[in-house]
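**Q** Go by the hints and put chain B onto chain A.
Here the protein sequences come in this chain order: A and B. Heads up: the first sequence begins at 1 in the working numbering, then just goes up one per residue. Heads up: the second sequence begins at 1 in the working numbering, then just goes up one per residue.
Don't read these hints as lab results, they were simulated from the structure. Since the structure is predicted, the reported quantities are computational estimates derived from the model, not experimental observations. Some hints could be false.
As the list claims (entries may be wrong) - Derived CB-CB ranges, DEER-like:
#, chain 1, residue 1, chain 2, residue 2, range
1, B, Glu61, A, Asn305, 38 to 46 Å
2, B, Phe14, A, Phe293, 42 to 50 Å
3, A, Lys18, B, Ala78, 35 to 43 Å
4, B, Ala78, A, Leu382, 46 to 54 Å
Ideal Cβ positions, reconstructed from N, Cα and C, are used throughout, including at glycine.
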Amino acid sequence: MNWRLAFDIAVTHLVTKKKQSLVAMLGVTFGISMFLVMISFMTGVNQFLENMAMDNTPHIRIYNPVEVKHTSIIGTYRRDSSTWYVVRHQRPKDDLPKIKNALFISNQLEKLPEVTGVAPQVSSQVFFNNGPVQIPGNISGIDVKKQELLFSLDKKMDEGSLEDLLKGSDVIVMGRGLADKVSVKVGDRVSVTTPEGYNFILKVGGIFSFGITTLDDTKSYATLSTVQKILQRDPSYITELNLKLKDMQSAKVFAGQLKKQMPNVYFEDWEQANSSILAGEKIRDIMTGVVSFTLLLVAGFGIYNIMNMNIINKMKDIAILKATGFQGKDITAIFLFQSVIIGVLGGLLGLLVGFLFSYLLSITPFPEGTFFRISTFPVNFLPLHYIMGVLFGFVTTLFAGYFPSKKAAKVDPVQIIRG
Amino acid sequence: METILKASGIIKYFNEPEPFKVLNNVSFEVNKGEFLAITGKSGCGKSTLLYILSTMDTNFEGELEIKGEHLHGWTQNALAAFRNENLGFVFQFHYLLPEFTALKNVMLPALKLARYSKEEVEARAMEKLRMVGMDGFAKKLSSRLSGGQQQRVAIARALINDPAIIMGDEPTGNLDKANSVKVFDIFRQLAKENHQTIITVTHDADFAAGTDHIVEMQDGQIIRA
Numbered sequence: 001m002n003w004r005l006a007f008d009i010a011v012t013h014l015v016t017k018k019k020q021s022l023v024a025m026l027g028v029t030f031g032i033s034m035f036l037v038m039i040s041f042m043t044g045v046n047q048f049l050e051n052m053a054m055d056n057t058p059h060i061r062i063y064n065p066v067e068v069k070h071t072s073i074i075g076t077y078r079r080d081s082s083t084w085y086v087v088r089h090q091r092p093k094d095d096l097p098k099i100k101n102a103l104f105i106s107n108q109l110e111k112l113p114e115v116t117g118v119a120p121q122v123s124s125q126v127f128f129n130n131g132p133v134q135i136p137g138n139i140s141g142i143d144v145k146k147q148e149l150l151f152s153l154d155k156k157m158d159e160g161s162l163e164d165l166l167k168g169s170d171v172i173v174m175g176r177g178l179a180d181k182v183s184v185k186v187g188d189r190v191s192v193t194t195p196e197g198y199n200f201i202l203k204v205g206g207i208f209s210f211g212i213t214t215l216d217d218t219k220s221y222a223t224l225s226t227v228q229k230i231l232q233r234d235p236s237y238i239t240e241l242n243l244k245l246k247d248m249q250s251a252k253v254f255a256g257q258l259k260k261q262m263p264n265v266y267f268e269d270w271e272q273a274n275s276s277i278l279a280g281e282k283i284r285d286i287m288t289g290v291v292s293f294t295l296l297l298v299a300g301f302g303i304y305n306i307m308n309m310n311i312i313n314k315m316k317d318i319a320i321l322k323a324t325g326f327q328g329k330d331i332t333a334i335f336l337f338q339s340v341i342i343g344v345l346g347g348l349l350g351l352l353v354g355f356l357f358s359y360l361l362s363i364t365p366f367p368e369g370t371f372f373r374i375s376t377f378p379v380n381f382l383p384l385h386y387i388m389g390v391l392f393g394f395v396t397t398l399f400a401g402y403f404p405s406k407k408a409a410k411v412d413p414v415q416i417i418r419g
Numbered sequence: 001m002e003t004i005l006k007a008s009g010i011i012k013y014f015n016e017p018e019p020f021k022v023l024n025n026v027s028f029e030v031n032k033g034e035f036l037a038i039t040g041k042s043g044c045g046k047s048t049l050l051y052i053l054s055t056m057d058t059n060f061e062g063e064l065e066i067k068g069e070h071l072h073g074w075t076q077n078a079l080a081a082f083r084n085e086n087l088g089f090v091f092q093f094h095y096l097l098p099e100f101t102a103l104k105n106v107m108l109p110a111l112k113l114a115r116y117s118k119e120e121v122e123a124r125a126m127e128k129l130r131m132v133g134m135d136g137f138a139k140k141l142s143s144r145l146s147g148g149q150q151q152r153v154a155i156a157r158a159l160i161n162d163p164a165i166i167m168g169d170e171p172t173g174n175l176d177k178a179n180s181v182k183v184f185d186i187f188r189q190l191a192k193e194n195h196q197t198i199i200t201v202t203h204d205a206d207f208a209a210g211t212d213h214i215v216e217m218q219d220g221q222i223i224r225a
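Isolated chain A, as found in the complex (with noise of 0.2 Å):
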């Protein structure tokens, strides 16, 4: 079997006939480029999203909700007695949305192997006061130290920095949207007051934008002294728990774990938080790969046609070869060989072009959003999917190129050379 002989009357067909063989290569390259713009595309808002809701969602979230229990008082006083109690139009009692013992809880995680860190946290809804305007918002108290190292809110100031809550008393970073919205700037002052009525003055000294309108437009750090004294309560006033793991992975699992030791509280894994983005990914990663493989498969209809329609005209040839003794499988090769030669050179075009418009796209600013805020088009550069895009384009071409060339083979010399 002579494949540098069937490699060599391969390329004298190809290069004969450059325009057809051309057309063929762009089905090829357009199918592979288009496969790499999408999956740039796709996996570059994928990571985008993810990191966004990442920077901004701990692994776990430990919290008090106010919630009316439904168990009432009475019935688990008397939980032995035959009688079945009903209570209606329960209220809730007057609970504080505190963690109990919170300082002493987080103590206890950090020393657990799978935990990073924790950073508590103690918020409110507050309303902002610009003139006669309330706005409202809440505030977060912060361990600065803490948040610098387990989150990245010390990335997201536009001016200021965090480390500016720990110089002098009551001051507050607010978000950009928020801050516009109360018109301050840094430097100002700013009157909140809280839901129980109480009025506080805050310097400003920071502001930052995470890049999601929902919290840039109402979200204000301060340190956690400093909200506790606005809320009016003491240093063990603590409202939630934000912990970092080692394994981000392992959350769901750690904090199934979790609740069984900490039946009070309520926990919220980064999955639950941000169900919506995942399910969002998901279906993005879904129709990547549709899109993806229908492209493919109609670039490899395309080298199918065109492969049977050049057999069709060689037919003549075909019958000269076999006739001077080249056999079955020499045929077979020999177009073989052009279908994949064709896959991979309309494969490696196909690669520079998709490089190039991935490029272009990745430069084009994005138009500003309601929901989150990008410069420009969120693209990835992987090399494994170029590696995949040309194992594609061959793959591609040699399965549509097999069932012609077995078909040439089959060709009855006889026949042809007779009319």
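**A** Positioned in the frame of chain A, the structure of chain B alone reads:
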């Protein structure tokens, strides 16, 4: 005199439009170095017979023996290999591969046989082209040659592997008188000097008259051997 080809009891049917017996129990022998012509009116089955003798048509009853080998029941691939080594063809229409030069066309069957290196094959191909007077056109694309020139290149190609038998299906059918004479002379020379066997099917009475032996067919049978 050594028998180089022997056909015994060849029977062949065409099935369209209805079963038709085109070859009816044909038997004959060819000696080595013979220049043989098969003649007969159109439709007598002579070309059909030739293609059976060529091993390209395996759909027949009867026995075929070439160079002592019984070829009945061989696979297509095995027959192709046999053809490559032992037979050469010249068709009525030139049937050169249009994308290749004259030289490359002649070289291909030898490259397939892979008995000699590429350089040797090229040298031998030039030799064959010289024999048919086409060495000056070696590097020309075959599609650019005239009919007579292409036919001579085709003969050179048929010769490249020094086959025992050269078979021709109306080799001068598409040529003018001058070119027909040239082709005839080449065949004559091959039979006489190289002792190669030549079997041609022909309509050309002058051509047939110059051969060693004429086999005449009518209605699927040999009427004169």
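**Q** Of the numbered hints stated earlier in the document, which are not met by this structure?
**A** No hint contradicted; all consistent.
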